[in-house]
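A.B. asks: Assemble chain B onto chain A, guided by the hints.
Those protein sequence lines, which keep their order, are chains A and B. Going by the numbering used here, the letters in the first sequence line up with residues 1 to 653, in that order. Going by the numbering used here, the letters in the second sequence line up with residues 1001 to 1322, in that order.
Worth flagging that the hints you see were computed from the coordinates, not collected in a lab. Glycine included, every Cβ here is placed at the ideal spot set by N, Cα and C. One thing to keep in mind: the hints can contain errors.
Claimed, not checked - Below, a list of computed lysine to any residue pairs in the SDA-like style, where the Cα atoms sit at most 25 Å apart: (1) A:Lys-530 / A:Met-64; (2) A:Lys-628 / B:Arg-1187; (3) B:Lys-1262 / A:Arg-563; (4) B:Lys-1217 / A:Asp-188; (5) B:Lys-1217 / A:Trp-325; (6) A:Lys-348 / B:Ile-1103; (7) B:Lys-1170 / A:His-535; (8) B:Lys-1233 / A:Tyr-281; (9) B:Lys-1233 / A:His-650; (10) B:Lys-1170 / A:Pro-32; (11) B:Lys-1217 / A:Leu-341; (12) A:Lys-542 / B:Gly-1172; (13) B:Lys-1233 / A:Met-64; (14) B:Lys-1217 / A:Leu-95; (15) B:Lys-1170 / A:Arg-143; (16) B:Lys-1217 / A:Trp-620; (17) A:Lys-319 / A:Asp-188; (18) B:Lys-1158 / A:Arg-461; (19) B:Lys-1217 / A:Asp-387.
Claimed, not checked - A few chain A residues facing chain B, derived, Cβ under 8 Å: (20) Gly-93; (21) Thr-114; (22) Ala-406; (23) Arg-483.
Claimed, not checked - Over 10 Å on every C-beta distance to chain B, these chain A residues come out as not near it, computed from the model: (24) Gly-45; (25) Gly-131; (26) Phe-158; (27) Tyr-460.
Chain residues, written in single-letter form:
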Amino acid sequence: MRKSFRLALAVLTIGIPAGAALAQTPPPPSVPEFELGYRFVDVSGNDQMYRSQINDRPGFLLHMLSWNSTAPVDGLFDYAHLDADDVGAGPAGSLRFSAGQVNIYRLDFTWRRTNLYSALPAFANPFLDDGIVPGQQTYNRSRDIYDAELQILPGKKFTPILGFTRNIYRGPGTTTYHVGENEFALDDRVQSVDDEYRIGLAFDVGPVRGAVIQGWRRYRWSDTASLQPGAGDGNITFPILGQPITADGIARTTTSKVNTPVTSAWITGQLFSRVKLIGSYVRADANGDAQSAETDNGSFVSFQIARFFAGLDDSISSKAKTDYWRGSVRAEINLLPNVDLTGGWTEKSRTLDGMALVTSLYLDAVTYAGVSVGDLQKLVQNDTAIDRTDRTFDATVTARLFGPFAFNAGWSQTHQDVTFSDQSSEVLAAEPGQNFTRTVNTYGTGVSYAQSGLTFSADYRRDDGDQPIFRTDFTGRDRFKLRGGWKWKDLVQIGATWQETHAHGDAPEIGYSTKVRELLADLEVGPVAKILTFHASAGEFKTTRDILIRQPQDFDIVPSAQREMGHTWEGGLRALWKSLTVDAAYLWMQNNGSVPFTINRVRARAEYGFGANVGVVGEWIRDQYGEKPAFDQAGSLADYNANRYGVYLHWRP
Amino acid sequence: MVRGRTALVLAGILFGAGVLAPAQESPTPAPAATPTPAMAPAAETTPAPAAAKSSELPKCADCHTELVAAFAANPHARWSHKGKPPDIEEYCSTCHGDGTKHIEGGGDAALIQKFHGAEGAELCLSCHEKTNEHASFATGFHSNTAAVNCLSCHSIHKAVKTEPFLIAEKPGELCQTCHAGISAAFRNKPYAHRLDRGGMTCLDCHDPHDRKGQTVKLTRQGELACLNCHTEKRGPFVFDHVTGTGGDCLSCHQPHGSDNPKMLLWARVDQLCLSCHSQTGGPATAGAQPPSFHDLTLPRYRNCTSCHVAVHGSNLSPVLLK
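So here's chain A without its partners, still in its complex pose (with noise of 0.2 Å):
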């Protein structure tokens, strides 16, 4: 009924207008400029690893589309613009609608569609090294997002906002269930669907500028999982306490939802003509529940009840209530002609409140010894607390008084307070109760320069941190920054950028280091302006991880890594000659590091006009993909070779 009702008033609220409207003064006929056609897709090699890293579908296309209305249409709206982006055959896409009257009125919708697959070889792969690809968990969902937002009187001095977003995700996919001692595979389909309305208000009075919205989220999950057909044997296939674990059949229901009332607001106020103040709140409630009914048959043991079993009838009752707020206020001081400082403080909180009550009814169990001991249901509730704030200080000088200098500097300081309670989850806290403060300075300082074509930047930050929170944590972190490039009329282009980032701890019983590095250089040759244009670029990263761990079969400690050490070279002409574009560049990539790989790729593109409307398009894709063979990775398993073709109309109005 509540579904009806509200697709009802969505009618009622655009259809009015839009109805009325559409009788009195048919829009001018105006035609988009678009591109359509059609992709062919090649696949050798692992069809799965492609999808799971490009996913390009066959099938029709419609590349771009850009329309704009040619006139007002009187009563609906004084402008329009629509365009749309790889919509149909996926993975991707979207559509973007705006249009409205000056100071009457403003409607902005998205949509947006997104195919997302995985189905990975090494991914939850207990059997890689016999050759089975791909792992055992997967999917094939997709996710579609509408947002439409309407603002009323926009530009005047109170404006109303409406708003109202969905996110709704969905699709197959599977999973593994540990259960009984025994993992199993499952195939499981989720549906989740994330609204959220608001209503809110704009104003732009004198000096004072703000918004005040208040909105209301609405998230619901469903969840269905059951044992895979041939699947009963599970991922253990050797006996267990002299008992083989199988699973005749498993089947869970989960459901939840949550729902959000999220206020926001912010005003910013002009004091004198040099001082600006900045503030802003927002608070959401979340409160969730959560239900789950699951049924086991089979063949099982568990050790926290010390005995074998015959089936399981387990029910999950939760609830989870997070209480968020964040404020801010901020000062933007202008001390002199081009030298600003800026500076505020912030601070969020965030607590958790759960509690979840699990009811197991063991069937059939049997003592080790084969005693039957009939059912045996368990009761466990838990309850879990959270609490963490985060609190920022922060100020920056900028200034730009030196012609083609420009300057900054700041520093800022974040303090961080969590409390773990003493039934968190188990997985974070390696003892109850505990509680964590750290803090961290940081200092930065940039300049630029930019004069004849030529530019250049500089920045580098420090950051020092007393105490981690988690291993990874730093306790000293440097990040450098270069950037430059010159440009000489339209014949030659040269870039060069250079990041790099040392992070460390101190503790030595832990011994975390991080360094980061990325280069990259490229040139831009144009022989014949507007005609013909050469592009190259190469690059390097570089990334070292380094951790010490306790690998839990033998508690040992042992050093962990991680290594990325790659190359990239790539090279491309951009040509018009009379009716024809072309557009290609080649690509070599390779990574020499914890997973070796290289890449070779082609993107072409030739257009051939018929006229000044009608343009026949052209496109190869191609994507070689080979792993070389490394502890733990699918090697040439996950190798593959796509090539893509379209054949595109390209209307130009």
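C.D. replies: Relative to chain A, chain B alone:
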């Protein structure tokens, strides 16, 4: 149900009435008027195909005919005309100043206000000096300097027609001009968000006008922008993991592109998990040590999420098994 159906019927009647009633009064729609600069569309960026009559254009159009005609579709033309007869001289003079001497000088470029670099952008800021809870046009991290200013990204007369806000190139290409390394990671690495393909752009996660030190957009609830799309990771969960406790999405993921599946920081999932879930001494840290049956020499234990599937948080299992 009755209420919903009634409302639907009512909506249908009213929609029909909206369509039919005026049609009865005016069965033959009048032809659309020829657009003039005064009533030209206030579309976002695209020039109006129907050019304005030259007699109605400002003097500047005598030489800059196409430029001035196209400006009728510019959002800047929209605001100067609504609700009053257009002063078409405003088209150019609002920003370029009085062009009399420029005209008298035979088009001498030195005699007209032009827009280059930071000085040119100062004029933009005389109207667009906007500040809200996050962004600041005047003091943001892309604030007005010789190296980066409004005109580095926006083009009044040569904007991309498919994009809003008069930006000079498509968002990804535009940001790539300075952030080439990050752009290359999106384009080249095997696991990355589909930037500039299907509608996702840098602007989904970043606000180019944000303040220094605050480069990532927040959701309306004040969280990281990741949760604008990945809402199912938001919770709240009874058994929370990283999000919202001490870390965030970036504790495990590289959103700008990664060599590792799922855009993870580490190639092997167990190495990623154990980087926090190891108790090796030193200062107390969050993250419990896995018990000894997790034998990493066996493939099934090298991928922790094989069993701990609810790694983003769970309402059902304290150890995130479901």
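A.B. asks: Each hint needs a verdict: does it hold in this structure or not?
C.D. replies: We went through each hint and held it up to the structure:
1. A:Lys-530 / A:Met-64: OK: Lys-530 of chain A and Met-64 of chain A at ~23 Å, within 25 Å.
2. A:Lys-628 / B:Arg-1187: It holds: about 21 Å lies between the C-alpha atoms, which stays within 25 Å.
3. B:Lys-1262 / A:Arg-563: holds, 17 Å
4. B:Lys-1217 / A:Asp-188: Violated - the C-alpha atoms of Asp-188 of chain A and Lys-1217 of chain B are around 33 Å apart, more than 25 Å.
5. B:Lys-1217 / A:Trp-325: Measuring from Cα to Cα gives roughly 17 Å; hence the hint holds.
6. A:Lys-348 / B:Ile-1103: Violated: Lys-348 of chain A and Ile-1103 of chain B sit about 58 Å apart, past 25 Å.
7. B:Lys-1170 / A:His-535: holds, 18 Å
8. B:Lys-1233 / A:Tyr-281: holds, 23 Å
9. B:Lys-1233 / A:His-650: violated, 40 Å
10. B:Lys-1170 / A:Pro-32: Roughly 19 Å separates the two Cα atoms, so the pair holds.
11. B:Lys-1217 / A:Leu-341: Holds, at roughly 22 Å.
12. A:Lys-542 / B:Gly-1172: holds, 23 Å
13. B:Lys-1233 / A:Met-64: Violated, at about 32 Å.
14. B:Lys-1217 / A:Leu-95: Between Lys-1217 of chain B and Leu-95 of chain A the Cα gap is close to 22 Å, so the pair holds against 25 Å.
15. B:Lys-1170 / A:Arg-143: It holds: about 24 Å lies between the C-alpha atoms, which stays within 25 Å.
16. B:Lys-1217 / A:Trp-620: With a Cα-Cα distance of about 35 Å, the restraint between Lys-1217 of chain B and Trp-620 of chain A is violated, given a limit of 25 Å.
17. A:Lys-319 / A:Asp-188: Distance of about 23 Å is within 25 Å: holds.
18. B:Lys-1158 / A:Arg-461: violated, 36 Å
19. B:Lys-1217 / A:Asp-387: This hinted pair holds, its Cα atoms lying about 24 Å apart.
20. Gly-93: Because about 5 Å separates Gly-93 of chain A from the closest Cβ in chain B, which is inside the 8 Å limit, the hint holds.
21. Thr-114: holds, 7 Å
22. Ala-406: Where the cut-off is 8 Å and the nearest Cβ of chain B is about 4 Å from Ala-406 of chain A, the hint holds.
23. Arg-483: holds, 6 Å
24. Gly-45: Non-interface label stands for Gly-45 of chain A: nearest chain B Cβ at 14 Å, farther than 10 Å.
25. Gly-131: Given a closest Cβ separation of 12 Å, the condition holds.
26. Phe-158: holds, 16 Å
27. Tyr-460: Holds, because the least Cβ-Cβ distance between Tyr-460 of chain A and chain B comes to about 13 Å, which exceeds 10 Å.
Comparing the model with each numbered hint stated earlier shows that hints 4, 6, 9, 13, 16, 18 do not hold.
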